[in-house]
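Protein chains in written order, with the numbering used here: chain G, 3 to 179; chain Z, 97 to 661; chain U, -17 to 83.
Hints in this document: simulated from the structure, not taken from any laboratory. Built from N, CA and C at the ideal position, the CB exists for glycine as well. Do not rely on the hints blindly, as some may be mistaken.
What the hints assert, rightly or not - Here are the simulated distance ranges between beta carbons: (1) G/Val64 / Z/Ile430: 42 to 52 Å; (2) G/Arg86 / Z/Asn616: 55 to 65 Å; (3) Z/Gly514 / U/Arg69: 33 to 43 Å; (4) Z/Asp498 / G/Leu116: 43 to 53 Å; (5) G/Val64 / Z/Leu150: 37 to 47 Å; (6) Z/Asp544 / G/Ala94: 44 to 54 Å.
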Amino acid sequence: MSSYLPVLVLFVLAVAFGLLSLLVSITLSPKARSQAKEAPYECGIVPGREAPERFPVKFFLVAMIFIVFDIEIIFFFPWAVVFRELGGYGLAVIGIFAALVFESFVYLIGNGALEWGPRQRQRRAEIVSPDRTLTSTIRRVGAEGRPAALEPAALAPAAHHAPGHGDHGHGDHGAAA
Amino acid sequence: MSSLAAVLAQAAPGLTAGPAAAAPTPTITVPDIEWTALLPILVLGLGAVLLLTLTSLARGTVTRSGYAIYTVLVATGAMATAAPLWGRVHAWDHLGKWELSPPYGPFSAVAGAIGVDGFSVFITLLIGVAVILGALLADDYLRREGIDGPEYYVLLLLSATGGVIMAMANDLIVLFLGLETLSIAVYVLAAIHLKRVQSQEAGLKYFVLGGFSSAFFLYGVAMVYGATGSTNLVQIKDLLAVKVPTHNALLLIGLGLMLVGLGFKVAAVPFHSWSPDVYDGAPSPVAAFMASGVKAAGFAGLTRAFLLGFGQFASDWQPVLYFLAAASMLVGAIVGITQTNVKRALAYSSINHAGFMLMALQAASPKGVTGLLFYLATYTFMTVGSFGIATLAGRTGDGHHDLADYRGFSRTNPALAGLFVLFLLGQSGFPLTSGFVAKFGSIAAAVDAGSWHLAVIGMVSAAISAFIYLRIIVAMYMAESDTEAAEKAPKAARIKVPFGAGLALVACALATIGFGILPNGLNRVAGEAEPVLVKEPVPAAASGADGAGLTGLDLTTIPTTPTTR
Amino acid sequence: MADLSAAYLGLSAALFAIGALGLIRRRNPLVMIMCVELMLNAVNLTFVTFGNMLNDAAGQAIVFFVLVVAAAEVVVGLGIIVALARRKPGLSADDMNVLRG
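Here chain G stands alone, though its shape is the one from the complex (with noise of 0.2 Å):
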C-alpha cells in the first residue's frame, strides 16, 4: 500500500491545486456583468435565436455501427493474443464471428444508412407516384372513415374474390390513427 502512497499524495495535492484556483478566481476577479458578456461569442453576431438542439438522427446510425465494430474488438483482443496457439481452428471461428458481424454492417449500408446528404424517401414513393390521380386521390380521402362504404362486393354473401386487393387503399388508415 505504501508504494501508492506517492500517486494518492499527487492526487490530492492536484485537486487542491484546483479548488484554490477556482476559489481565488471567484473571490478576487472584478464583476461586471452584461448582456455582451454572458453571449456565447463575446464579439461578433449577436445569437438571432438558441442554438439547435437537434441533430439529424443519422448520427444514431454511426453510433450504432461504431458500437458493432467496437464488440467486434472485443473478441479480437484475447483471440489475437493466442492467435498462434489456436492455429487453423481460432481462424475459422473468428473468421465466422467477424462475418456475421460484418453481416450487420451490410444490412445497415442496404438501408442507406451511410448515405448522407439530401433525406431520401425510400418506402414512401408510392404516396406521390407518377400514376396518382385526380379519381384515386378522390378515393382516399373519401376513403377515411367508411370502411364499410369501400367494400359492397364484400358485404354480398359468398363473394370471396381474391383480386381486388390492393384498391382500397390499404394502409391509409393506419397512417391517420
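Starting from the known structure of chain G, arrange chains Z and U on it as the hints suggest.
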C-alpha cells in the same frame, strides 16, 4: 495479459494457464463440436442471416409472400434437423442405424454447454411450430399495415434461435445468451409497427422491464457461480451431490434472483405487469409469438435451470413456485374478467395459463414435466389461434380490439367467430378440447406431488377464467340483440381471410380439437421428452476440461462474502 | 495488500441496487437504459471478483459475453427510443399513457 489468456481458457477448455505470448508450448484443446446437435440452432440462425444478407444486397426484389414462405421453410428445416436428434435420444433403431457416434441416448455437446435430450428437442419442435404460425399470420398483416420487409422474419428467426439455445442450454451462461438473443429480437418485434405509437411504447416498456429482469437473472447466475464455482449445470449438480456448499445463503439468493428474472419472462404474477400492456401494444402476430414461442422458451429455461440443475434444492424453490403459480392463476383469472380489450383479456388469460404451467413444474416430478410440455404444446396452438383471430379482427391499424368491436362478429364473420369460440373454449378447459386435457394433466401432477391446495386453486381459477372467454363469446354472439349498443358500436365488417392466416388458423383449430379428442399420442411424446443432464463424455485429448471445475474446487476455501447488502 | 474481495462484492451489490432503484424511480428512458447498463456492469464486477476468489478464468471470460449483450441491448433500446422520439418529442415514461398501466 493473463486475463485475456484466461478468456481463451473458457473458449477452449484445456488451455494451460500463463501468459500466452511467452509460452511457446501451450496446448489449447479445441472443443469437440457435435455439429448434428447444433443443427437446429444453425439452421435458424444462419437462415436469418442469409435472409438479411440477400435482402440487403437486393432490396425490393422479393415477390409477394416470399419472406413468409422462406421463413416457413427455414423453420421446417430446423424441425427436420431436430427430428433425428429425437430418434438418437430415444435410441430408435427400427429406422435403420445411422452413422452417428455412439452412445445413443441423451448427450451433451460443445464441451458440455449444450444438452440434447427429449425435452430440448420437444421445445425445439414447439418453437419451430410457433415460428411457422407466426410467419403465416404475419404475412398478410405486414402487407396490410405497410410495414412489409424482411426485418420481421429475420427477427422472428433470430428470437427462435435464442429460444432453441435456451431449450438446449446446459450452462447458465449459455442460457443467459439464449435468453438475450430471444429477448432482444422480441423487443424490436414489439416495436416494429412504426405507424402505431402504442407499438413503440410496448417495445420500450418490454425493453426496460426485460433488461431489468435479465440483469436480475444474470446476478443470480453470478451468485450461483460464486457459491459453486461453475456455471455449468452438470458440474453444479455433480458438485452439490457430493458437497454441501459453505455458502448456502449465496446459492439461495442466486436461485431467487434467477427465479425473478425468468419469472418476468414467463409473466408469472408478481412480475406480470408488463404483459398486458405489451401484448396490447405489440402487433398481434408478435403477441401471438410472444405468448407461444417466448413463453415456451421461458419455461424451458426454468425447467433446465431449476429442475435439472438444482433438483436437490427442490424443497427450497418449490414453495416459491407454489406461490407464483397460485398468484398467477388467481390474478390472471380475476383481473382478466374486468378487461374490455380482447388482447388485454388474452394477455391476462395467458398469465393464468402460466400459472397452470408453473403448477405442473412445481410438482418437480416427471409427471409434472409431462404436464408442462403437454400444456405448452396445446397452449401454443390455442393462443396463436386466438391472437390470429385478433390479428384479422383488428383490421388495418391493428386498433380494433375492444369488446365493442366484436359485436355482431358472429354474423359478419361466422367462420372466424366459430374458430374463436373453439380457441376460447379450449383455453377455458372445455371438455373435448386440448385445453381440458392439458389442465387436467397439470392438476393431476400437482395432486401427485401432494399440492392439494394448489390443485384446488387451479380448478377455481379455471372456473373464474371461463368468464373471460364467455365475455368475448357473448360479445360476438349475443350483443346483437342489444339494439342500442349495437347501433352505437361500429359494425364489424366482413373480413377477407388471407391464405396464410387461414392456414394457420385451421391448423390451430385441428390441433385444438385433435389433441382434445386423441390426447394419447401427444401425451406419450411429452412423457418421453424427459429432461436429462448428461455429462459430456470426456475425450482423451481434453481430459482436463470436464473435471477441472469439480476437482479443482474446494468449497470450504471460498471466503465469506457479504453479498446481501 | 488486504483482500478486498468482500469490498468489491459490496460495491457491485451497491451498484446493482442503485441501478435497480434508478430504473424504478427515474422516468427518462435514456436514464433507464443507463440504469440497466449499470446493473449489468455491477454483475460483471461480481463475476470478476468471484473469478478472482475462485482462481477460475471463467468468471472473467463471462464478462466479455455480458459486455456484448449489454451493448446489443443499448443499441436496440436507443433504436426504440429514437423511433418513439420521432413520434413524441420530449418523452418521459410518464408520458407513455397510450397504453394503460
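Cross-check of the supplied hints:
Our hint of 42 to 52 Å for G/Val64 and Z/Ile430 holds, since their Cβ atoms are close to 50 Å apart. Distance hint for G/Arg86 and Z/Asn616: a CB-CB separation of about 59 Å, consistent with the stated range 55 to 65 Å. The hint said 33 to 43 Å for the Cβ distance between Z/Gly514 and U/Arg69, and at roughly 38 Å that hint holds. Against the hinted window of 43 to 53 Å, the Cβ-Cβ separation of Z/Asp498 and G/Leu116 comes to about 44 Å, which satisfies the hint.
A hinted range of 37 to 47 Å is violated for the C-beta pair G/Val64 and Z/Leu150, which are about 25 Å apart. About 50 Å separates the C-beta atoms of Z/Asp544 and G/Ala94, a value consistent with the hinted range of 44 to 54 Å.
Of the numbered hints given earlier, the model fails hint 5 alone.
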